[in-house]
Amino acid sequence: GKTLVSTLPVYLNALMNKGVHVVTVNDYLAKRDSVWMGQIYNFLGLSVGCITNEMEDEIRKKNYSCDVTYGTNNEFGFDYLRDNMKYNIDQMVQRNHFFCIVDEVDSILIDEARTPLVISGATEDKSDRYFVCNKFITELEKLDYELDEKDKNVMLSEKGIDKIEKLSQTYGILKNNNFFDPQNINLVHHINQALKANLLFSKDTDYIVRNNKVEIIDEFTGRVLEGRRFSDGLHQAIEAKENVEIQSENQTLASITYQNYFRLYEKLSGMTGTALTEAEEFYDIYK
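Quick note: the sequence shown, position 64, residue 1098 per the numbering used here, numbers continuous.
A portion of the hints provided could be inaccurate.
[Claimed, not checked] Below, computed lysine-lysine pairings styled on DSS-like, alpha-carbon distance capped at 27 Å:
| hint | residue 1 | residue 2 |
| --- | --- | --- |
| 1 | K1184 | K1197 |
| 2 | K1237 | K1186 |
| 3 | K1096 | K1052 |
| 4 | K1169 | K1197 |
| 5 | K1169 | K1052 |
| 6 | K1052 | K1160 |
| 7 | K1247 | K1186 |
| 8 | K1301 | K1065 |
| 9 | K1237 | K1096 |
| 10 | K1169 | K1184 |
| 11 | K1247 | K1237 |
| 12 | K1160 | K1186 |
Worth flagging that the hints you see were computed from the coordinates, not collected in a lab. Just so it is clear, the structure is predicted and the values come from calculations on it, not from any experiment.
Could you put together the complete structure from these sequences and hints?
Put into structure tokens, the structure is as follows:
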């Protein structure tokens, strides 16, 4: 029913020649609907495109230039992020965001609204710094830090700060002879993560070392979380602690939430059979 009814607003808005995006929940439905409903749009003189995961930019751009374009929320969102990373406007694949109709709109615009789409990339290699800071922490004594295991927090005491400053000076990595000088912000960060790695995270409880890699253990299920890594340099600090190869850190290059992406459209609509309970939230956020 929704698939058929959507042809009415899609056709009406496609007449503006600004492009219409129809968002489905997966690639299969995007392909299917673009073929099934495409027959109607073609009969009415409109062009129809479909965006799927394996497409190259040249094909994506061609499909976005159609009057009606089908695709998933992921594909539309990531294409927007990638376009904003292009150096030349001619390399961008999307047009302006005019009209969009979202299938299962409550799932995408309410349940997953704050889910971020993130494009990340590797940062410069800082392995040496992690190993050095880990060595510093192993030379600390109990009076050099304040440990709160209940709240999972640890910080250096005044005595500990003095010791870290002396060690840093010995290695020639302390600037202006002051640990908390703004120029030492990266050093402070690495020391704090090394503190956490050594004093708050335990091998075979919070993580395991397997095949020369640190793997996280789910605290609720006790199972290994394949492919997951602690963020903000903590995973690298644990790798230094366990003396295994340090994997490169990732930094966020581009990010947007579904909520903010879909607010880019001049006109936004959606379809679902279960939206009544979220009516007020829809109005407050997307009016």
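We went through each hint and held it up to the structure:
Restraint check for K1184 and K1197: the C-alpha separation of about 26 Å stays at or below 27 Å, so the hint holds. Using a Cα cut-off of 27 Å, the hinted pair K1237 and K1186 holds, with the two alpha carbons roughly 15 Å apart. Restraint check: the Cα-Cα separation between K1096 and K1052 comes to about 14 Å, which is no more than 27 Å; the hinted pair holds. A distance of roughly 12 Å separates the Cα atoms of K1169 and K1197; the hinted pair therefore holds under the 27 Å criterion.
At roughly 60 Å between alpha-carbon atoms, K1169 and K1052 are farther apart than 27 Å, so this suggested pair is violated. At most 27 Å may separate the alpha-carbon atoms for a hinted pair to count; K1052 and K1160 exceed this at roughly 47 Å. This hinted pair checks out: K1247 and K1186 have alpha carbons roughly 23 Å apart, not beyond 27 Å. The suggested pairing of K1301 with K1065 holds, with an alpha-carbon distance near 24 Å, which does not exceed 27 Å.
For the suggested pair K1237 and K1096, the alpha carbons sit about 52 Å apart, so the restraint of at most 27 Å is broken. Using a Cα cut-off of 27 Å, the hinted pair K1169 and K1184 holds, with the two alpha carbons roughly 25 Å apart. Distance check on the hinted pair: K1247 and K1237 sit about 12 Å apart at the alpha-carbon level, within 27 Å; holds. Under the criterion of a C-alpha separation no larger than 27 Å, the hint pairing K1160 with K1186 is consistent with the structure, at around 25 Å.
Violated hints, listed in ascending order, are 5, 6 and 9; each of the other numbered hints is respected by the structure.
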